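Chain by chain, the residues:
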Amino acid sequence: MGVDIRVENLNAWYGNTHTLQDINLHIPSNQATALIGPSGCGKSTFVRCLNRMHETNPIARAEGTVLMGGLDIYKDASPVEIRRRVGMVFQRPNPFPTMSIYDNVASGLKLNGFRNKRMLDEVVERSLKQAALWEEVKDDLRKKSGASISGGQQQRLCIARALAVDPEVLLMDEPASALDPVSTAKIEDLIFQLKSQYTIVIVTHNMQQAARVAANTGFFLNGKLVEFDATTKIFTTPSDKRTEDYITGRFG
Amino acid sequence: MSGTRTTRTANMNRLHELRRSAVNHFVTGLAVFSTVLVLVPLVAIVGYLLYKGASSLNLAFFIHVPAPVGEPGGGMANAIMGSAVILALASSIGIPIGIAAGVYLAEYGRGRHLGNLVRFTADVLNGVPSIVMGIAAYSLIVAKQHHFSGFAGGVALAIMMVPTITRTTEEMLATVPHAIREAALGLGIPKWRTVLSISLRTASPGIITGCMLAFARVAGETAPLLFTAFGNQFTSFDMTQPIAALPLQIYVYAVSPYDEWHRLAWAGALVLIAMIMGAVTLVRIFSNRGALQGGH
Numbered sequence: 000m001g002v003d004i005r006v007e008n009l010n011a012w013y014g015n016t017h018t019l020q021d022i023n024l025h026i027p028s029n030q031a032t033a034l035i036g037p038s039g040c041g042k043s044t045f046v047r048c049l050n051r052m053h054e055t056n057p058i059a060r061a062e063g064t065v066l067m068g069g070l071d072i073y074k075d076a077s078p079v080e081i082r083r084r085v086g087m088v089f090q091r092p093n094p095f096p097t098m099s100i101y102d103n104v105a106s107g108l109k110l111n112g113f114r115n116k117r118m119l120d121e122v123v124e125r126s127l128k129q130a131a132l133w134e135e136v137k138d139d140l141r142k143k144s145g146a147s148i149s150g151g152q153q154q155r156l157c158i159a160r161a162l163a164v165d166p167e168v169l170l171m172d173e174p175a176s177a178l179d180p181v182s183t184a185k186i187e188d189l190i191f192q193l194k195s196q197y198t199i200v201i202v203t204h205n206m207q208q209a210a211r212v213a214a215n216t217g218f219f220l221n222g223k224l225v226e227f228d229a230t231t232k233i234f235t236t237p238s239d240k241r242t243e244d245y246i247t248g249r250f251g
Numbered sequence: 000m001s002g003t004r005t006t007r008t009a010n011m012n013r014l015h016e017l018r019r020s021a022v023n024h025f026v027t028g029l030a031v032f033s034t035v036l037v038l039v040p041l042v043a044i045v046g047y048l049l050y051k052g053a054s055s056l057n058l059a060f061f062i063h064v065p066a067p068v069g070e071p072g073g074g075m076a077n078a079i080m081g082s083a084v085i086l087a088l089a090s091s092i093g094i095p096i097g098i099a100a101g102v103y104l105a106e107y108g109r110g111r112h113l114g115n116l117v118r119f120t121a122d123v124l125n126g127v128p129s130i131v132m133g134i135a136a137y138s139l140i141v142a143k144q145h146h147f148s149g150f151a152g153g154v155a156l157a158i159m160m161v162p163t164i165t166r167t168t169e170e171m172l173a174t175v176p177h178a179i180r181e182a183a184l185g186l187g188i189p190k191w192r193t194v195l196s197i198s199l200r201t202a203s204p205g206i207i208t209g210c211m212l213a214f215a216r217v218a219g220e221t222a223p224l225l226f227t228a229f230g231n232q233f234t235s236f237d238m239t240q241p242i243a244a245l246p247l248q249i250y251v252y253a254v255s256p257y258d259e260w261h262r263l264a265w266a267g268a269l270v271l272i273a274m275i276m277g278a279v280t281l282v283r284i285f286s287n288r289g290a291l292q293g294g295h
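Those protein sequence lines, which keep their order, are chains A and B. The first sequence begins at 0 in numbering that gives the first Met the number 0 and counts up by one. The second sequence begins at 0 in numbering that gives the first Met the number 0 and counts up by one.
It is possible that part of the hints are untrue.
Said to hold, decoys possible - Calculated cross-link-like contacts (lysine to aspartate or glutamate; reagent style EDC-like; alpha-carbon spacing at most 20 Å): (1) A:Lys-194 / A:Asp-228; (2) A:Lys-142 / A:Glu-124; (3) A:Lys-74 / A:Glu-7; (4) B:Lys-190 / A:Glu-80; (5) A:Lys-109 / B:Glu-181; (6) B:Lys-190 / A:Glu-54; (7) B:Lys-51 / B:Glu-259; (8) A:Lys-74 / A:Glu-62; (9) A:Lys-143 / A:Asp-120.
What the hints contain is simulated information worked out from the structure, not anything from laboratory work. Owing to the predicted nature of the structure, the values given are computational and were not obtained by experimental measurement.
Generate coordinates for the entire structure from the input sequences, incorporating the hints supplied.
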């Protein structure tokens, strides 16, 4: 089951660049939440702060409080623990090229020392079914490399890989921006189905996509969260002039 | 009026096309010529070795130790065994250290003083003449123990393997896409696990090639063994004592005044090349086993 995320006074830097400024936000559990905004507005940095991936860059730094189901992820947990509870899907599909499809899905468990073969088989099948990829790959699980399938399939494989470790939160950083429209539609269907079981945060440049999958939407601009509200409200009657300008295409 | 202009443009296009085609042929020809130029010496050397050495190869060569001067027959069983043992020791020391140093440089030592120092040392070590490696091993091990040993020879060769393997490992790890590391870290896999199971595994074909290059290079080294392994006329597996090695035996036989020994030296050189090629081929076959469809 998903947990809610409460962000309080979050600030982030890359070197001397103040990428995120005083972000306060409550992301409800078991829903999809979309983050929109022009390139470089800080929305990717924001999701990377939610699983502490931001700090893997040596010049990056973050300050503030992120409560995930009540757990302060910057005070009470290690980055590794947090990343096991918060799955992430990246912009470009990034399956492990040296691993089979099966091993890609099982990697999060296997590389953390999980060895029970029967359980692994079950998890791999369940995760691939959740990612709507099972029927397409079930005959090649151990034969084919994770990098040998199509781009859209690779991205669903990456979603299955993230789901296999049974996370509570799923972060998706523009998960469909490198895919064709058919594959994009499949990913959106997936988000629609998964959001009842996980808290999903999706960064997107595609406003129609945000409108289709997300209950709430946040608009980022120049490192600040300008507005956060129900998606219908953001796209019909935004409170802030800048949000309106962006969604009507006057800039960005 | 417009007709002449069209003709002129067409002529210019044709001229341009001819020029482009000529340049294309010239450059392709240059590439083929260079390839042939590189291959000719290689084929010539192997061919000449076969011509000179194959006739002296027989079973006795592989199972007998050298015969006394004037006696016909004799073989290089001692040297073949000795080389195998020394190279096994050198590889088992040099490969782990080389890979570990390469991992440090690529994954942990970027932009650090220690990292730069290690990288600089590896580059310098790579350029040190092999005889100097022998002297180093001599003063570190032989002089302390007061006798020559196969162990000292193995260490000298191991030190020669390290810089090549270190730099190849570093370069190969640098080619592993950042996105793949992020995928692993994002799954909650600890950094050390990510390095071992993701980065190293993805880079392994290149790293194996680097290890094979280092192995092939030291397998033929004579100078570092001259005053370490020293050589031995009898078959020995005792690494604490002097031990025979193919390059040493070839050297001794090649500079001797006896025709019979010259023939054996040719055969020895052929066997040495065959051993190196055999080892490299075996590793290639072994490392390609279980490869996945469409993997990298």
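Right, here's what the structure says about each hint:
no.: 1; hint: A:Lys-194 / A:Asp-228; in the structure: holds, 18 Å
no.: 2; hint: A:Lys-142 / A:Glu-124; in the structure: holds, 16 Å
no.: 3; hint: A:Lys-74 / A:Glu-7; in the structure: holds, 13 Å
no.: 4; hint: B:Lys-190 / A:Glu-80; in the structure: holds, 13 Å
no.: 5; hint: A:Lys-109 / B:Glu-181; in the structure: holds, 17 Å
no.: 6; hint: B:Lys-190 / A:Glu-54; in the structure: holds, 13 Å
no.: 7; hint: B:Lys-51 / B:Glu-259; in the structure: holds, 12 Å
no.: 8; hint: A:Lys-74 / A:Glu-62; in the structure: holds, 11 Å
no.: 9; hint: A:Lys-143 / A:Asp-120; in the structure: holds, 16 Å
Taken one by one, the earlier hints all hold for this structure without exception.
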